[in-house]
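Since the structure of chain A is provided, determine the placement of chain B on it from the hints.
What follows is the residue order along each chain.
There are 2 protein chains.
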Amino acid sequence: MRRATVIGAGSWGTALASFLAARGLEVHFWGRDAALMQAIQQSRRNERYLPDLALPAGVRCTHELGSLPASDLVLMVVPSSAMAHTAQLLASTAVAQSQVVVSCTKGIEQSSGKRMSELLGDHFSGPQLAVLSGPNHAEEVARQQPTAAVIAAEQQETALALQEVFTAPWFRSYTSDDVVGVEWAGAMKNPYAIAAGIARGLDLGDNAIAALVTRALAEMTRLGSRAGGKAETFSGLSGVGDLVATCYSLHSRNNRLGIALGQGQSLADYQAKSPMVAEGVPNTRSLYGVAKKLEVRTPVLDAIYGVLHEGKSPTEGLIGLLSREPRAEAE
Amino acid sequence: MRRATVIGAGSWGTALASFLAARGLEVHFWGRDAALMQAIQQSRRNERYLPDLALPAGVRCTHELGSLPASDLVLMVVPSSAMAHTAQLLASTAVAQSQVVVSCTKGIEQSSGKRMSELLGDHFSGPQLAVLSGPNHAEEVARQQPTAAVIAAEQQETALALQEVFTAPWFRSYTSDDVVGVEWAGAMKNPYAIAAGIARGLDLGDNAIAALVTRALAEMTRLGSRAGGKAETFSGLSGVGDLVATCYSLHSRNNRLGIALGQGQSLADYQAKSPMVAEGVPNTRSLYGVAKKLEVRTPVLDAIYGVLHEGKSPTEGLIGLLSREPRAEAE
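These protein sequence lines are chains A and B, in that order.
Numbered per our numbering, the first sequence spans residues 6 to 336.
Numbered per our numbering, the second sequence spans residues 6 to 336.
Every clue listed holds true.
With the Cβ distance kept under 8 Å, some of the chain A side facing chain B (calculated, not the full set):
1. 142
2. 211
3. 216
4. 223
5. 245
6. 250
7. 253
8. 256
With a cut-off of at most 20 Å between alpha-carbon atoms, the simulated EDC-like pairs for lysine to aspartate or glutamate come out as follows:
9. A:235 - A:182
10. A:235 - B:237
11. B:235 - A:237
12. A:297 - A:114
13. B:235 - B:123
14. A:235 - A:123
Non-contacting residues of chain B with respect to chain A, defined by C-beta distances greater than 12 Å in every case (computed):
15. 48
16. 69
17. 94
18. 293
In short, the hints are calculated from the structure, not lab data.
We treat Cβ as the ideally placed atom computed from N, Cα and C, and that holds for glycine.
One chain only, chain A, in its complex shape:
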């Protein structure tokens, strides 16, 4: 692969654009904010979302979708709420003639309950589709700290071609054929990271957070398997790996949001102050709807839904969880 297009200029899109340029690809980098893209083109830094990274010269910035060429590789790195609309806009551009389109966004569309690559499939008929996921904080990838990712695609040759691109001495990628499981795992970890953050904000301790993470993993596996993923995927990098990275890292916006809620801030106040999207807020609503529809038992998700969207206090939400009847672990 020689030419790549990166759609979305948040921290992860910026880190990925830089990674691909450093691997020798010609990179076209799109963001919707004209002023931001012009500033990045000139200063070689995304001061708003990833200020410490100097972008290689090979990254060409634009805010015009119509100016983008067809590529060997398109990375979709927009927020989950913008994925369908962005794909629709791209469908009538040269980008739709690209070889491979990869979703790098974690989430489930709220109105439809669709996975991100399903939305891409609705608008792109030519390109092969794939998913990049795993415990990949953009800030650490930008600093070239050791990182492992999963690349899922239905076509094995697509996964292998992407694996070749996403390999560096400090960056390892593993292939998977379980697109559905990898996407569900990625979408589900965000609400649980908010829950872990709330527990931290309430100062419940490491034992409580570990118990919460364990139950979150069981819930992810239960719901994601019912939705069509393979159970084993949830024990891998895109499942438990991303879950623990998100629940235990202060890089995570969702975890930081949870901490603020646990410490007594309101969701509205926190959101008014933070320019970054905490994907877990819309994710929780989408997943809650899907869980009810599929009739899967999800007490942790229900608790965090109650706190985010039904006005329950963080203490009420988590105490409800901790005061259930004792039972056998395997039940």
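Then chain B, alone, in the frame of chain A:
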């Protein structure tokens, strides 16, 4: 259950003795150090291992095994290296006539490769045997922070009776019939916590630690299943729950040891300064031997064995792990 005996006066034994007394049981508390036990009896504090906890009046301290009565419940909370010898000494005392003996120690005996409850079975023929495990930092249990544990026993009625004892508004216990899996899970998390600590000491970042934890869980499941545990146990509190609690908490002696090694201290220097036993050091040797005998692939365990017992540098050990050939995740 009315009368309990707690054998071992480290931080976990002290927290458990206090818990049982607060639940209304008569508690006999044994430690091998006469001066320490006398000091605890008088000051109601274990200044050496858990100084912040005031022991309830119901806890009776002694250093004489022969003075202990038969109990409804005996908790064995000595280091894994002392379990066989302590059980042997108890076998000729009244304690051997107790109803239930519970191992609260995580580890595999180095010379024999036996689990702790196997060692107890070698010396106690009368009592029912059980295991208490999970993400249970003593310091947090002492402060009554929310905690969940697993109680494993072959006899369901034993597990249920213990569950009733180990229940409080802030302490939840789950039963399991997989004694083997629960013990292997508990024994294996310590070496991995050292590995996570090394990664932290080397400042490799959250992505690297999450990848390491993911691979550690796969390894635990592989080795523990081969040794006779149920795979699902490793996805529970005694498996992934305790693994993440230990890998991400500064309460963990093993994690702290790893951090010191990653920052350049030698094992000998660290051990000379720390009065607490980091179980992971002997555990790594025992598990390495078992893995070789059972012919199970354990690259993470091998790496940590190399650092602890073969003089490899932390960087060598972890870089060996990160530079393996890319592959499919499920391989």
